[in-house]
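K.L.:
Based on the sequences and whatever the hints tell you, model everything.
Residue numbers (the working numbering), protein chains in the order written: chain A, 1 to 501; chain B, 1 to 325.
Quick caveat, the hints were computed from the structure, so don't treat them as lab data.
For clarity, every value in this text was computed on a predicted model and none was experimentally measured.
Be aware that one or more of the hints could be misleading.
[To be verified] The calculated SDA-like cross-link candidates involving lysine to any residue, where the alpha carbons are at most 25 Å apart (straight line), are:
| hint | chain 1 | residue 1 | chain 2 | residue 2 |
| --- | --- | --- | --- | --- |
| 1 | A | Lys-327 | B | Arg-212 |
| 2 | B | Lys-308 | B | Gly-27 |
| 3 | A | Lys-327 | A | Gly-269 |
| 4 | A | Lys-392 | A | Leu-444 |
| 5 | B | Lys-308 | B | Ile-253 |
| 6 | B | Lys-43 | B | Leu-294 |
| 7 | A | Lys-327 | B | Leu-120 |
| 8 | A | Lys-54 | A | Gly-71 |
| 9 | A | Lys-438 | A | Asp-223 |
| 10 | B | Lys-308 | B | Leu-290 |
| 11 | A | Lys-438 | A | Arg-222 |
| 12 | A | Lys-327 | B | Leu-290 |
| 13 | B | Lys-308 | B | Asn-250 |
| 14 | B | Lys-43 | B | Ala-33 |
| 15 | A | Lys-327 | B | Arg-320 |
| 16 | A | Lys-327 | B | Ala-33 |
| 17 | A | Lys-327 | B | Gly-220 |
| 18 | B | Lys-308 | B | Leu-30 |
| 19 | A | Lys-327 | B | Ala-128 |
| 20 | A | Lys-438 | A | Arg-422 |
| 21 | A | Lys-327 | B | Ile-253 |
| 22 | A | Lys-54 | A | Trp-119 |
| 23 | A | Lys-327 | B | Thr-219 |
| 24 | A | Lys-327 | B | Thr-124 |
| 25 | A | Lys-438 | A | Ala-489 |
| 26 | A | Lys-327 | B | Leu-223 |
| 27 | A | Lys-327 | A | Ala-383 |
| 28 | B | Lys-43 | B | Leu-30 |
| 29 | B | Lys-43 | B | Asn-54 |
| 30 | A | Lys-327 | B | Gly-129 |
| 31 | A | Lys-327 | B | Met-209 |
| 32 | A | Lys-327 | B | Thr-127 |
| 33 | A | Lys-327 | B | Ala-132 |
| 34 | A | Lys-327 | B | Leu-197 |
| 35 | A | Lys-438 | A | Glu-174 |
| 36 | A | Lys-54 | B | Arg-320 |
| 37 | A | Lys-327 | B | Val-125 |
[Said to hold, decoys possible] On the chain A side, residues computed to face chain B include the following (Cβ under 10 Å):
| hint | residue |
| --- | --- |
| 38 | Gly-308 |
| 39 | Asp-343 |
| 40 | Val-350 |
Ideal Cβ placement from N, Cα and C applies to all residues, glycine included.
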Amino acid sequence: MTRTAATPLVLQACALAKAFAGTPALRGVSLDVVWGEVHAVMGENGAGKSTLMKLLAGHFPPDAGEIQIDGQAVRLRNPHEALARGIVMIHQELLGFPELTVAANILMGCEPVICFPGWLDHRRIQREAATRLDRLGLDIPPERLLRELSVAERQMVEIARALAHRARVVIMDEPTSALSEPEANALLAIVGELQRDGVAVLYITHRLEEVLRIADRVTVLRDGRHITTEPAPGLTASRLVELMAGRAAAVSATRSETVTGEIALEVQGLGRRHRFRDVSFAVRQGEVVGLAGLMGAGRTEVASAIYGLAPADEGEVRAFGHPVRLKHPRDALALGIAMVTEDRRESGLVPQLALRENMTLASLRQFCRGPFIDHAREARIAAEQVRAFAIKEAGSRQPVSRLSGGNQQKVLLARALLTRPRILILDEPTRGIDVAAKADIYALIRRLAAEGMAVLLVSSELPEILALSHRVLVMREGRLAGELDPRTASAAEVLHLAMPD
Amino acid sequence: MTSAPHEPASASPHQSVPGGDWFRRYGLVLTLAVVCGALALVKPTFFSAGNLINIVRQISINGILAVGVTYVLLTGGVDLSLGSLVALTGVAAASLAHPGDWPALVPILAGVLAGLLCGLVNGTVITAGRVAPFIATLGMMTAARGLALVASGGRPVSNLSPAFTSLGGEVAGIPVPALILLVVTLGSWVFLGNTRLGRHLYAVGGNEMAARAAGINVTGVKLFAYALCGALAGLAGVVLAARITTGQPNAGIAYELDAIAAVVIGGTSLSGGVGGVGGTFLGALLLGVLNSGLDQLNVSAYYQQIIKGVIIVGAVWLDRRTRAR
Ligand SMILES: Nc1ncnc2c1ncn2[C@@H]1O[C@H](COP(=O)(O)OP(=O)(O)OP(=O)(O)O)[C@@H](O)[C@H]1O
Ligand SMILES: [Mg+2]
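P.N.:
Encoded structure:
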């Protein structure tokens, strides 16, 4: 431990425990956070990371244990009380008020007023917001509406908001999982800024290289237990994986090198107004084609067009040689095209339905006799998938929204595979998935391809796209900017192609 | 049956309190039992066969409407036109049900079909026209009422054939409307818990975008829900006309609110995706027991309204309390 007795603690969790409907998520976890440190929290999917952070941010109370701030025990009954004590959690999904300006968002809840009845001092709001943004080195105009910003920019606004509330501890739960590499780098730079200001950052991520780069200390959780807290400098990636999984990680299989299958999916001159245009490529059976690019380059739009979610308005799609018209995902599924969408909250899960019901949603016909669902068969197949993907269930009848983020993602992968697709479109398939499970999913994708499936892979993680793809297509500002051979290309080359001049 | 996966049970976005699980499942039954027990103490005749039959007869119209609107609420929509549809379809059926006109089946089908058509119009305006369900069905509420008045010239349509009015009568001492409600409820219960389309209703109400991405025909599912809701409103209209032996253009005012109240008391979420028709039936029963109990206790109609209002909100409040942490 590098900390000396004199270092003041900001925040301390003492033997926190939390169970959901009788199932323990946290079993007595202790953690301390000191001024100005970046403290990474790591662990497998369902290890209890988010639960711990939510306790610290006042989302719900612990069943046992206590939280101390500056050595004093506190009870945080809601996020507002946590905020008043300087603890802020940056959420990945719920980012502010889209219809208000950046400035209004930053000062929401601590707006300067002119006199008692509450007239807002608009000029001061603008000015103070601008100062905050400046201090973080952001050039986002304070008068823009929040909804016009990208996810990354919104996150930064949220961080500026934390500063406006004089936060001393900022909690970030997988902030970079939805970002492309340059954006993630910008975010990491801001974490550095926060640290220099003396703010402590609790940082959850599944990306090892981030941890090794920015963290001062690392805490590892497993099955709701505290495994270790160690200074980051002494750690290596493989050691971290071992700590998280409790075993050394499996070595990943290599991709088959040559692909000779028939052309499964062919896209010609595909375009949708204001989104992308003139996109042409082909994917062979047994081939994994990677689609790389920055956020907003149009990768998701191209994938959605092929799947019929947001149909293209020009160009042609051919599946197995036949021109097809895809107006609705139903059409695509009927042709053997399945897709895992990028945003599991928005277009992925039905949160109120149970795990099983979510899993079989796209393939329900298989589980039906006439119009009736064969519940026993459905349950059996779902249980098989739960085992195959090692999904950590919260109880079979529980709404799927109670699963941890990574486990929710696995449900969506299983849903797509249950439709027995011949063409699989994956948009950020491993978002939020832990390192060990990721290796399993990579192996799965390779196996599916080896068995003849055509895979179109959209991913912002360059190592992922380079390791899995046979060919990498790079998109820039709505057009294909080029093609690279992942065996020879480096991440830098991909980025170079992806960057607007 | 292994099913009915969506009892209000799995509804809560939060974790449960100890004992919450039990209460969640049986809370409404318990409330119902307590109310019945209290009434029986004050009024020993409460549990007499005659009184119980009377209660089921009285809830049957509201019950049929409530089951219908459950489908719509599950998709995250709402239907405010039910009361007007009851009037319109009642008038439509009655106009074809004079003695010597047609066999009774014709007016019955006409009423149901009229309801179905209106429901389809609702659904089309909502899906194709992208009009909010509240507004679309508010429009239908006004227009259908007008249509009922025009069609009947503003006067009740009476002199109906005995074959038709027997629909409001009894078979072996059991009211036919109650039997219809029972069949409708059971059918819906099986349908929602065990069919593909039933599952799709929940998915559309839970997350429309995700449902679409999973290949579900969202438009079709919604059309189905509104059409079925309309058809059941038609059935209710026909049954009402048979029971009061007239087609009343002024019938059914504010029925939609009672129906929605029953559904919500039964644990179906107004925002869609959660709930079921079993709860709806119990909700309608609770309202019916209250109505008849307060009547029998000679509580003035004015006070009845106050008490009912408090109990509706109280039941839902209790329900949500036990589900939230
Ligand atoms: N509201 C809830 N109700 C029931 N169970 C829950 C709830 N929230 C979390 N859990 C359970 O608690 C466990 C820990 O979940 P948590 O979200 O903390 O995991 P995590 O470490 O953040 O995982 P991930 O890396 O996948 O995000 C999981 O098994 C999860 O199913
Ligand atoms: Mg998490």
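K.L.:
Mind checking the alpha carbons of A:Lys-327 and B:Gly-129 for me, to see if they're no more than 25 Å apart?
P.N.:
Cα-Cα ~19 Å, so holds.
K.L.:
Would the hint linking B:Lys-308 and B:Leu-290 be met if the CA-CA limit is 25 Å?
P.N.:
holds (7 Å)
K.L.:
Check whether the Cα positions of A:Lys-327 and B:Thr-219 lie no farther apart than 25 Å.
P.N.:
Judged against 25 Å, a Cα distance of about 13 Å means the pair holds.
K.L.:
Is A:Lys-327 close enough to B:Leu-223, meaning Cα to Cα at most 25 Å?
P.N.:
holds (19 Å)
K.L.:
For the pair supplied as a hint, A:Lys-54 and B:Arg-320, is the alpha-carbon distance within the 25 Å limit?
P.N.:
Given pair A:Lys-54, B:Arg-320 holds - Cα atoms ~22 Å apart, limit 25 Å.
K.L.:
Do the alpha carbons of A:Lys-327 and B:Val-125 lie within 25 Å of each other, as the hint requires?
P.N.:
holds (21 Å)
K.L.:
Checking one constraint from the list: CA of A:Lys-438 to CA of A:Glu-174, max 25 Å. Satisfied?
P.N.:
holds (15 Å)
K.L.:
Next pair to validate is A:Lys-438 with A:Arg-422; report whether the Cα-Cα distance is within 25 Å.
P.N.:
holds (22 Å)
K.L.:
Would you settle whether the hint for A:Val-350 is holds or violated, based on the nearest Cβ-Cβ distance to chain B being less than 10 Å?
P.N.:
The hint holds - A:Val-350 has a Cβ within 10 Å of chain B, the shortest such distance being about 4 Å.
K.L.:
Quick one, are A:Lys-327 and B:Gly-220 close enough, alpha carbons at most 25 Å?
P.N.:
holds (15 Å)
K.L.:
Within a Cα-Cα threshold of 25 Å, do B:Lys-308 and B:Gly-27 meet the stated pairing?
P.N.:
holds (18 Å)
K.L.:
Given the hinted pair A:Lys-327 and A:Ala-383, is their Cα-Cα distance within 25 Å?
P.N.:
violated (33 Å)
In terms of the numbered hints stated before, the structure departs from hints 12, 15, 16, 21, 22 and 27, listed from lowest to highest.
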